[in-house]
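Colleague: Using the sequences and the hints given, assemble the complete structure.
Protein chains in written order, with the numbering used here: chain P, 617 to 1043; chain S, 617 to 1043.
Only true hints are included.
Which copy? The list can't say, so a pair holds if one copy fits it or any two copies do.
The calculated DSS-like cross-link candidates involving lysine-lysine, where the alpha carbons are at most 30 angstroms apart (straight line), are:
no., residue 1, residue 2
1, K628, K1003
2, K984, K937
3, K824, K1003
4, K628, K824
5, K984, K628
6, K715, K628
7, K715, K824
I should point out that these hints are in silico values taken from the structure, not numbers from a laboratory.
There are 2 protein chains.
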Amino acid sequence: MFSATQLSGRAKRAGGQPISRLMTLALADPTLISLAAGFVDQQTLPVEITAQAMEQVLSDPAEARATLQYGTTLGDARLRQQVLDRLRHADGNPEAERKLSIDQVVLTAGSNQLLYLVADALLDPGDIVLCATPTYFVFLGVLDNLSARAWGIATDAEGIIPAAIDEQLRHLERRGELGRVKAIYVTSYFDNPTSVTLSAPRRAELVKLVERWSRTSKIYLIEDAAYRPLRYAGDDLPSLRSYDTTGETVIAAETFSKSFAPGIRVGWGILPPALVEPVASLKGNFDFGSPHLNQRLMSAVLEMGLLEEHIARLKSGYQRKLAAMLAAADAFLTDIPGVHWRHPSGGLYVWLVLPPGLNAGMEGALWKRALAEHVMYVPGEFCFASKGHPVERNTMRLSFGVQQPDRIHDGIEALSRAIRQVLADGG
Amino acid sequence: MFSATQLSGRAKRAGGQPISRLMTLALADPTLISLAAGFVDQQTLPVEITAQAMEQVLSDPAEARATLQYGTTLGDARLRQQVLDRLRHADGNPEAERKLSIDQVVLTAGSNQLLYLVADALLDPGDIVLCATPTYFVFLGVLDNLSARAWGIATDAEGIIPAAIDEQLRHLERRGELGRVKAIYVTSYFDNPTSVTLSAPRRAELVKLVERWSRTSKIYLIEDAAYRPLRYAGDDLPSLRSYDTTGETVIAAETFSKSFAPGIRVGWGILPPALVEPVASLKGNFDFGSPHLNQRLMSAVLEMGLLEEHIARLKSGYQRKLAAMLAAADAFLTDIPGVHWRHPSGGLYVWLVLPPGLNAGMEGALWKRALAEHVMYVPGEFCFASKGHPVERNTMRLSFGVQQPDRIHDGIEALSRAIRQVLADGG
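Modeller: Right, here's the structure in full:
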């Protein structure tokens, strides 16, 4: 009787996030060991600290009432100052960061909303973003939703390869498409999905490269530093942002979702001045600004000095889980020819590479076999841009954040059975 | 040295929200009495209730940990059930609402995000939304941001006029543009800016009218019920949604921002089944779902039965302020020929109509004169769609929510001085 709904072009392209399909599968089988979800370890979530900080936030009636009122679109000024101070401290206060002002800080619903806002501010349909290969698949979904084009750039143990970016940009220039390149997206610490950290020399090189290529048409460098606090070995590196001496090139995204609690959803961005007004305007239309209460809560957590001890506790938990995953991999996967993985020094993921030709994707035999063994992973194929560097289907992302060590052990053992069986069946 | 930033088309059109310009002006003059901001009364914000409910949410460690984890994109199932139960109770449980399922409820960052999501899901550039005249200016800004076209429809004391919609749709049909009409936007209770409530007969008529016009191309009815709980006189009316017996026509938006606290930012939508997946996908890209903690907090407030007493307290406060504004208007404005206003029975606004020809807009003499008298209002011109019913610049929105009664009194007195002066100067 009624005519069909005519969705917008954007809505038609919005359904591409593969993780929701995986979550539906996970919920349907309660015996399943999911090594797929990028959730944080529920056991370590900071209940007492949250209660303590919330009490502080609500203790002074006048302050508490202000907290329950609308905030501003950019967010609570005290928290913006605090995240800026923390960044300066972490980066050793180089010249580039002394120039930063809180007017460039916007508080968002997780770092993901910052990525969405920046993409929406910069990208018209057909515009181009260069990404590492592999890269964060949720951001690929966002680009697809905006009808932008993602181009994959080769990576190695030091992260995205500047020479490969250079080559790609030259290629696009020859095609007359350099003007469509709006940004390069880089996860600078323990990236999702490979846990690789961009090396210090590459950071310096990348900023210079992007500045050089921006002479005719502006290209931004989007730094996703969501996993920076989750380092288990080695020394912290200064942010990619700290190499941006002009302050006009790097867009930095961070979040308390991984280092504190995703259920509070406070992230932030540090924006080049030219992007502050456009991002604030878009955010004004989206939600009038993120919840004031949550921002004041995180501000109190920082003020009371409760974040560092929590991160220390978190890290020791994740280190134990990472060790469990690596031990299980050593025990169950080492003797399968062609299977290898890196030892991450931070983050939440182990990137597993299978023999060439073994398809770990959702259309392949391994996916079904693994589900039959009650174990789930994120197929690596989701993490590849559709253009540029080819898709490597013999890969998968394994998360060690959610499951307890014994379940990680059992999950890797089940995965090993599945891989062996598929290989025995001829791939 | 660097080339200029190339913003997206959307970002270029996102700066149109006039309220941010007003807020900047208000901040610049601390002696200003702002009758512009649609904020809620800060004095009545529920600090104790929030503290009590938060304690409850965090009291059980396992539940508290789950609360601090990511939630789902649609939101907490318990709160979705609660808002549905409340709607059924408020509407007297008609047939149409028994059929509703929590799968159709999505929790958002205020009702505003729901409006944005629905607009983004339905509207391609050039698509048409019919709106009351005047209407909620923030939504007009959203439509403009999406390059959609807003058409103003005449209203009277019962709200938007169905015959005028009918006429407009026939006109668009003749122009071959009926297929571009995606929705009619209606604030069903104490609308922003006029405080008019859509009458019961109009509710029934509107749903039928939209169903009739949807035979060839689907048209939705967007019901913004943000102010429903703020009724100071008369009996509640069943929602527009409750007249939608098929469940496929009305999109309903509500919020706890006005009835509880905007700083917590929990709103929700009830969606026709065809829109659930598209809206959830878009929201997944925006923010992965709104903060779980805030949803559990509001769920506890409801479960503990703390909302009703708070609303009762709120209403008595706003009633006092409304009375102060009406008394001041009687005292200072009655004797100015051609000035008139309605007596609202709910909401937060008084809509003031000035003599024809007196321009209350930002380009007119009154605006500058009022600022010189340290009083600010929202120029009515912002509340008119650019097409359809003509803009009436001799209008303004006055908010009584924020200021205390003595400041309301002083503000109206100052406004009266400004109006008299401009009239004496010849308009």
